[in-house]
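Enquirer: Next come the chains, spelled out residue by residue.
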Amino acid sequence: MNFNDSEQQAQFRTKCSTWLHDNAQRKTQAGSDNPHGKRDSSEFLNAARSWQKKKFDAGWAMLHWPKIYGGLEASPLERIIWGQEEAKFDVPQGIYEIGLGMAGPVMMQYATEQQKQRYLPPMAAGEEIWCQLFSEPSAGSDVAGLRSKAVQDGDDWIINGQKVWTSGAQFCDYGIIVVRHDPNVDKHAGMTFFFVDMKSPGIDIKPIKQITGGSSFNEVYFNDVRIPDSQRLGAIGDGWRVAITTLMNERLAVGDANGVDATEAFEWAQGQDDHGQALIQNHAVRESIADWYCQASGLKNTKLRTMSALSKGDTPGPEASITKVVSANKLQAIGNFGIDSLDMAGMLKTERSEVHDFHNAWLGSAGLRIAGGTDEILKNIIAERVLGLPQDPRADKGLAFKDIPSGK
Amino acid sequence: MNLDFSDDQKLLQSEAQKFLQKEQSLQRSRDVLDGEQALDTDLWQQIIAMGWTGIRIPEQYDGLGLGHLELCVVAEELGRCLAPVPFSSSVYLFTEAIIKFASDAIKQDLLPKLVSGECVGTLAITEQLLAPTEHNINTQVANNKVSGTKIAVPDAGIATHSIVICKGVKGIDLRLVELTDHCNVQKQDTIDDSRGHFSIGLDNVDSLLVGGEGEGWELLQNLLDQAAVMFSFEQIGGAQATLDMATSYAQQRFAFGRAIGSYQAIKHKLADMYIKLTLAKSNSYYGAWALSTDSVELNVAAATARVSATQAFNYCSQENIQTHGGNGFTWEYDCHLFYRRAKLLSLNVGSLATWKEKLILGLEKTQTANVKQGV
Ligand SMILES: Cc1cc2nc3c(=O)[nH]c(=O)nc-3n(C[C@H](O)[C@H](O)[C@H](O)COP(=O)(O)OP(=O)(O)OC[C@H]3O[C@@H](n4cnc5c(N)ncnc54)[C@H](O)[C@@H]3O)c2cc1C
Ligand SMILES: Cc1cc2nc3c(=O)[nH]c(=O)nc-3n(C[C@H](O)[C@H](O)[C@H](O)COP(=O)(O)OP(=O)(O)OC[C@H]3O[C@@H](n4cnc5c(N)ncnc54)[C@H](O)[C@@H]3O)c2cc1C
Numbered sequence: 001m002n003f004n005d006s007e008q009q010a011q012f013r014t015k016c017s018t019w020l021h022d023n024a025q026r027k028t029q030a031g032s033d034n035p036h037g038k039r040d041s042s043e044f045l046n047a048a049r050s051w052q053k054k055k056f057d058a059g060w061a062m063l064h065w066p067k068i069y070g071g072l073e074a075s076p077l078e079r080i081i082w083g084q085e086e087a088k089f090d091v092p093q094g095i096y097e098i099g100l101g102m103a104g105p106v107m108m109q110y111a112t113e114q115q116k117q118r119y120l121p122p123m124a125a126g127e128e129i130w131c132q133l134f135s136e137p138s139a140g141s142d143v144a145g146l147r148s149k150a151v152q153d154g155d156d157w158i159i160n161g162q163k164v165w166t167s168g169a170q171f172c173d174y175g176i177i178v179v180r181h182d183p184n185v186d187k188h189a190g191m192t193f194f195f196v197d198m199k200s201p202g203i204d205i206k207p208i209k210q211i212t213g214g215s216s217f218n219e220v221y222f223n224d225v226r227i228p229d230s231q232r233l234g235a236i237g238d239g240w241r242v243a244i245t246t247l248m249n250e251r252l253a254v255g256d257a258n259g260v261d262a263t264e265a266f267e268w269a270q271g272q273d274d275h276g277q278a279l280i281q282n283h284a285v286r287e288s289i290a291d292w293y294c295q296a297s298g299l300k301n302t303k304l305r306t307m308s309a310l311s312k313g314d315t316p317g318p319e320a321s322i323t324k325v326v327s328a329n330k331l332q333a334i335g336n337f338g339i340d341s342l343d344m345a346g347m348l349k350t351e352r353s354e355v356h357d358f359h360n361a362w363l364g365s366a367g368l369r370i371a372g373g374t375d376e377i378l379k380n381i382i383a384e385r386v387l388g389l390p391q392d393p394r395a396d397k398g399l400a401f402k403d404i405p406s407g408k
Numbered sequence: 409m410n411l412d413f414s415d416d417q418k419l420l421q422s423e424a425q426k427f428l429q430k431e432q433s434l435q436r437s438r439d440v441l442d443g444e445q446a447l448d449t450d451l452w453q454q455i456i457a458m459g460w461t462g463i464r465i466p467e468q469y470d471g472l473g474l475g476h477l478e479l480c481v482v483a484e485e486l487g488r489c490l491a492p493v494p495f496s497s498s499v500y501l502f503t504e505a506i507i508k509f510a511s512d513a514i515k516q517d518l519l520p521k522l523v524s525g526e527c528v529g530t531l532a533i534t535e536q537l538l539a540p541t542e543h544n545i546n547t548q549v550a551n552n553k554v555s556g557t558k559i560a561v562p563d564a565g566i567a568t569h570s571i572v573i574c575k576g577v578k579g580i581d582l583r584l585v586e587l588t589d590h591c592n593v594q595k596q597d598t599i600d601d602s603r604g605h606f607s608i609g610l611d612n613v614d615s616l617l618v619g620g621e622g623e624g625w626e627l628l629q630n631l632l633d634q635a636a637v638m639f640s641f642e643q644i645g646g647a648q649a650t651l652d653m654a655t656s657y658a659q660q661r662f663a664f665g666r667a668i669g670s671y672q673a674i675k676h677k678l679a680d681m682y683i684k685l686t687l688a689k690s691n692s693y694y695g696a697w698a699l700s701t702d703s704v705e706l707n708v709a710a711a712t713a714r715v716s717a718t719q720a721f722n723y724c725s726q727e728n729i730q731t732h733g734g735n736g737f738t739w740e741y742d743c744h745l746f747y748r749r750a751k752l753l754s755l756n757v758g759s760l761a762t763w764k765e766k767l768i769l770g771l772e773k774t775q776t777a778n779v780k781q782g783v
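Top to bottom, those sequences are chains A and B.
Using the working numbering, the first residue of the first sequence is number 1, and each one after it goes up by one.
Using the working numbering, the first residue of the second sequence is number 409, and each one after it goes up by one.
Isolated chain A, as found in the complex:
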């Protein structure tokens, strides 16, 4: 056992960190002063764009991709090493993850060669941003319950319906979308997958105000929108299979819930007064921080086990499937702790960056427990896919989609 890089890995790591040093600012310990502007602002978007372009020009943007699309053909392990090094730098995150993490692999697998050459490089360069149009008002956890209609018309498909919770739709250029072409067959059999130009006539995007006050996701209305059949990904009726490939990638793309962690809670508790003594002297606080530390350390070491498997050329086990459930819940607990530690004053928004971080953790974690698969769905996946327990009985089995009971 060791935590050392092999010689080759160490060389690669140095290459990453040298380039990062020359091109970005190392994170300071002070926390999130957020030099790139407020999330959802055009200033932030521009900062994200130029960072993505810089990475692309040097090959780092999608380093595991084939060189013809702008990658470096890096191994999965090298990709992780890059991620570890980039995380040490203060760079704008959160704009490209969905497009690159979800639309990228699906285009890579299902688009024609010509399409790949046309769309993949600008996607990696951040010149064209992609979104994921899966969820609908009646289809979230149950994505296959979606109702947006696709009707074939010559070489085109005509799309009508509504998508919702579409992160980034307001500034995206393209989206991947799954729609229903046939409501008369079993629900999984009646779907087809496309990519769509978000500037197409008939698309209407309405930002949704979130509980954080920001608007990173949207309602997207489709009114007789035409998509050429050439933009179909997979066969007609194969939409579910294609969507599942994407959803598998989602678990990797979403991963850790970022924000304050055990270390920040520990440091805060050392500085904060609690009835005349340091908060860290409070036994309940010591126990809670010990719990979060063990969870954080458990996740970190789980990742290192995954890396170890990759490093030996083995397929990693299913252990990484616990990451989002654990980290999002931990984030929520730590947000609550930080706010509560201010007693009556905890309600106030202040300039103190730590307090700001606790407020963000408290609000943001509520969304992270839902986005990319809710806690409940992720636990079902662990129970069914990892432990092999039987599927839930279903009220929609063997019925044509149009005959399935629906509620709110």
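Since the hints were derived computationally from the structure, they do not count as laboratory data.
Mixed in with the good hints, there may be bad ones.
[As the list claims (entries may be wrong)] Computed list of lysine-lysine pairs in DSSO-like fashion (alpha-carbon distance at most 30 Å, straight line):
1. A:Lys300 to B:Lys418
2. B:Lys418 to A:Lys312
3. A:Lys53 to A:Lys206
4. A:Lys27 to B:Lys780
5. B:Lys430 to B:Lys508
6. B:Lys773 to A:Lys300
7. A:Lys312 to B:Lys426
8. B:Lys751 to A:Lys300
9. B:Lys578 to A:Lys88
The hints should help you fit chain B with the ligands onto chain A, whose structure is shown.
Expert: This is chain B with the ligands only, laid out in the frame that chain A set:
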């Protein structure tokens, strides 16, 4: 990057698993619980014959000269099948104390006998119905003679020797005592009688100093940190066994016309078991690394492994009973064997609260050290 065991270590582990299964270790554990014996002597002899008692003992003393990582994989298997043997007392605690702190003369005398099984050791700490501290140890040592009473000492019935935590002139001492007929060793009833525990009355018993005089408390902490990592492997082995039992029961047991494993209340319970176990396992690997490299991070790594492994095994063994319904509450089903062992293991080198406190103290110490070094 390699946070994993080597192929040789994995081979040792699978051999250990096969052996313990073939020898029906779990059934033997039940027999010890039901009977009058404090251990399964036959299984213990076979384990000695396989050389496991000498895993960490250098070859010059007839041992195998392997490392802590080999002990960890064996520990996981002993934990998986609740082996009713004095392995942990004699190997993780006593042998380690001798290897790390004893004089060459003591090593030469005892280490070969620990390999051959002629000598079995244990560690005697607790005296009262509360957590032992540097200030409440009353067992005295004067002129190398030890007097006092220890309770909840594992395996003292078969042990030939014990390290006894004593109050000496300069502070706490580790004292090596031979457990002869002069010592009053009495079996005590515990929550898990598949592992024998005893009280020891010592009245002017000869002893040898192990480690520096007055340094005993510090040495004990190091010994407990090491042992906590190995115990965490026993705990994840046991937790994995209960998750496997619960999963298989949930697939086969039907209620209201379907497998209980198709109800989300059960699914999510088992997913939570898996989550806790995975965190504990990853932290135990980290602990094993710190142990095997004698890292300065050992105290934090050990506490992290200990806390999460205790949480995992407690939770998994408890929810395994729940998943088994009424059957889980019967003596006949094995669920309670694991529930008992989980509780025993969660106490034996200190409670959850004790180790959470050690973890935070460790973080505070690391931080102070970092500040001093200007990190
Ligand atoms: C911040 C954020 C960003 C998002 N970005 C995108 C995006 O870019 N693109 C996109 O397509 N979608 C996106 N989503 C949507 C997200 O995928 C869905 O919100 C999520 O899958 C849950 O669906 P829902 O909101 O319809 O809730 P529902 O599915 O209605 O769930 C409501 C509650 O019921 C529970 N539930 C549902 N089914 C089950 C079941 N079988 N067993 C047990 N409990 C169940 C859920 O766990 C949840 O607690 C985003 C969501 C958020 C919060
Ligand atoms: C101490 C004790 C005393 C008892 N005394 C009596 C008595 O006097 N008279 C008598 O008739 N019975 C008695 N019982 C039996 C008791 O009522 C049953 O054990 C209990 O109803 C559970 O049934 P089961 O054991 O068959 O478990 P199962 O029904 O097989 O349950 C196994 C597990 O599956 C879960 N489960 C089952 N169905 C569902 C579901 N739909 N959704 C979610 N989870 C589910 C259960 O919660 C449990 O965790 C007693 C049991 C005990 C332990």
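Enquirer: Now look at each hint and say whether the structure bears it out.
Expert: Hint by hint, here is what the structure shows:
With a C-alpha separation of about 23 Å, the suggested pair Lys300 of chain A and Lys418 of chain B falls inside the 30 Å cut-off, and the hint holds. At most 30 Å may separate the alpha-carbon atoms for a hinted pair to count; Lys418 of chain B and Lys312 of chain A meet this at roughly 15 Å. In summary, the hint linking Lys53 of chain A to Lys206 of chain A is supported, as the alpha carbons are separated by about 28 Å, within the 30 Å threshold. For the given pair, Lys27 of chain A sits about 22 Å from Lys780 of chain B by alpha-carbon distance, which is consistent with the 30 Å threshold.
Between Lys430 of chain B and Lys508 of chain B the CA atoms are separated by roughly 34 Å; this puts the pair beyond 30 Å, and the hint is violated. Restraint check: the Cα-Cα separation between Lys773 of chain B and Lys300 of chain A comes to about 21 Å, which is no more than 30 Å; the hinted pair holds. A threshold of 30 Å between alpha carbons decides the hint, and for Lys312 of chain A with Lys426 of chain B the separation of about 26 Å falls inside it, so the pair holds. This hinted pair checks out: Lys751 of chain B and Lys300 of chain A have alpha carbons roughly 27 Å apart, not beyond 30 Å.
The suggested pairing of Lys578 of chain B with Lys88 of chain A is violated, with an alpha-carbon distance near 49 Å, which exceeds 30 Å.
Hint compliance for this structure: hints 5, 9 are broken, all remaining hints hold.
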